[in-house]
Amino acid sequence: MIAASFRAMGTSVQVTVARPEDIAATQALFEEVERRCSRFRPSSELSNLNNADAADLLVSEPMAEVLQIAADLRDRTDGLVDAGLGAAVSAWGYDRSFDIIDETSTPAPIKSQPVWSMSGNCLHRSPGTRIDLGGVAKGWACDQAVESGLAVIVNAGGDVRSRSSEAQVDIIDPWGHRVARVPLGVGALATSSTTRRRWKIPGGEAHHLIDPRTLAPAVSPIVSATAVAATTVEAEAGAKAMLLHGSDGLAWAAAQPWIKGALAVWEEGSVYATNGLQLVAA
Amino acid sequence: MIRKRFPTIRTTRIAAWTTVAVAWAVAIVGRQMEAPAQEDLVVAETTRATAPAAETTTTMPTLPEDGLVVIRYTPAPPPPPTVVRQVVVQAGPAPSPTVSTSQGS
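Chains A and B, in that order, give the protein sequences. If you read the first sequence in our numbering, its first letter stands for residue 1, the second for the next number, and so on. If you read the second sequence in our numbering, its first letter stands for residue 283, the second for the next number, and so on.
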């Protein structure tokens with residue numbers, strides 16, 4: 001097998017492929033998803049949707065698939081993982097690629113809750129609702145790369161999808177220490193953290209994980225959450241939801257049949273896992 | 283003349299030292315008399331300072347029905363990462379293509 005890496009969607013992507021030509025094909029797949037789903041590219045399909053005035057919008061087949069997945073994950077997470085929070089995260093300052101965030105601007109938090117739904121290829125949304133597909137699009141790209149047969153293992157910024165029974169994933173805590181090795185095998189694993197993608201705001205700091213109940217960056221005793229599931233989009237949503245559930249996060253994850261295992265790093269450094277999470281000695 | 287002044291100086295010194303000694307003794311006695319009040323004050327301050335901490339419950343994970351695995355328990359915040367300087371004299375083995383890392387994004 002051949003290992004390679006490239007940069008896409010604002011993060012580093014590591015791929016393991018069987019044939020050399022699959023590296024470029026996987027990179028092209030990620031580029032295509034980013035070109036369609038980025039909210040930072042003015043010409044992307046998502047930017048066109050967000051900038052449109054109409055309440056009902058016809059979207060492309062791939063976009064409809066991603067939005068339908070996002071709607072499903074919102075339901076599964078009791079509304080906590082909501083792709084409709086694009087306006088809220090922009091209002092807190094994350095309105096451009098993370099590398100060029102303006103840390104001098106003052107946040108202007110919004111107060112209106114996002115409302116959106118999918119019906120076939122039609123997106124319906126309330127005025128002011130802006131879609132942010134950052135997390136689900138990255139997970140979807142990982143899933144597509146593996147399910148299409150291009151990649152054996154893909155790791156996009158800690159979101160891992162594998163079809164190799166030998167795949168293992170080291171979970172790294174926010175302090176850079178390895179806390180566990182997971183024998184992932186065939187499946188997906190994702191980690192969400194509030195210690196990444198943080199930026200300064202006047203009087204403090206903000207981060208990318210918005211709590212839909214407060215429309216503000218989440219406050220949680222969990223600083224890093226990892227979930228194992230069948231697909232990357234599920235693992236990514238599960239990890240975010242755990243973090244947003246706070247101290248109930250692990251209990252919530254253990255009760256979800258689609259989450260095979262979960263691990264959480266507490267703010268003071270403690271690490272807990274559900275019984276379902278398989279671990280191996282490193 | 284000298285004989286006449288010497289006793290005066292001596293008397294003055296004795297009087298001065300006596301005054302200092304008495305003042306010192308009074309201060310000691312006074313401090314001992316005030317001590318119980320200060321102890322009361324210390325107790326009161328301690329009680330006030332620890333009250334909020336006693337009310338704040340330590341955030342622990344809610345226990346899942348099928349139990350919880352404690353991988354690491356750290357009641358105090360871990361120290362900041364230390365910078366380790368390492369001289370690599372020979373390239374190590376290439377990373378395994380089947381082992382990934384996940385730290386979040």
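Just so you know, these hints were derived from the structure itself, not from any lab. Yeah, the Cβ is synthetic: ideal placement off N, Cα and C, and Gly gets one too. Any given hint could turn out to be false.
Unchecked claim - The calculated label-pair distances, taken between Cβ atoms and stated as ranges, are:
#, chain 1, residue 1, chain 2, residue 2, range
1, B, Ala309, A, His177, 54 to 60 Å
2, B, Val352, A, Glu32, 41 to 47 Å
3, A, Trp258, B, Thr344, 45 to 51 Å
What the hints assert, rightly or not - Stretches of chain B that chain A covers, calculated by requiring three or more beta carbons in the stretch to come under 8 Å of a beta carbon on chain A:
#, stretch
4, 345-355
5, 379-386
How the hints compare with the structure:
1. Ala309(B) <-> His177(A): 54 to 60 Å: 57 Å, holds
2. Val352(B) <-> Glu32(A): 41 to 47 Å: Taking Cβ atoms as reference, Val352(B) and Glu32(A) lie about 43 Å apart, which means the hint holds.
3. Trp258(A) <-> Thr344(B): 45 to 51 Å: 20 Å, violated
4. 345-355: n = 11 at 8 Å, threshold three: holds.
5. 379-386: holds (count 8)
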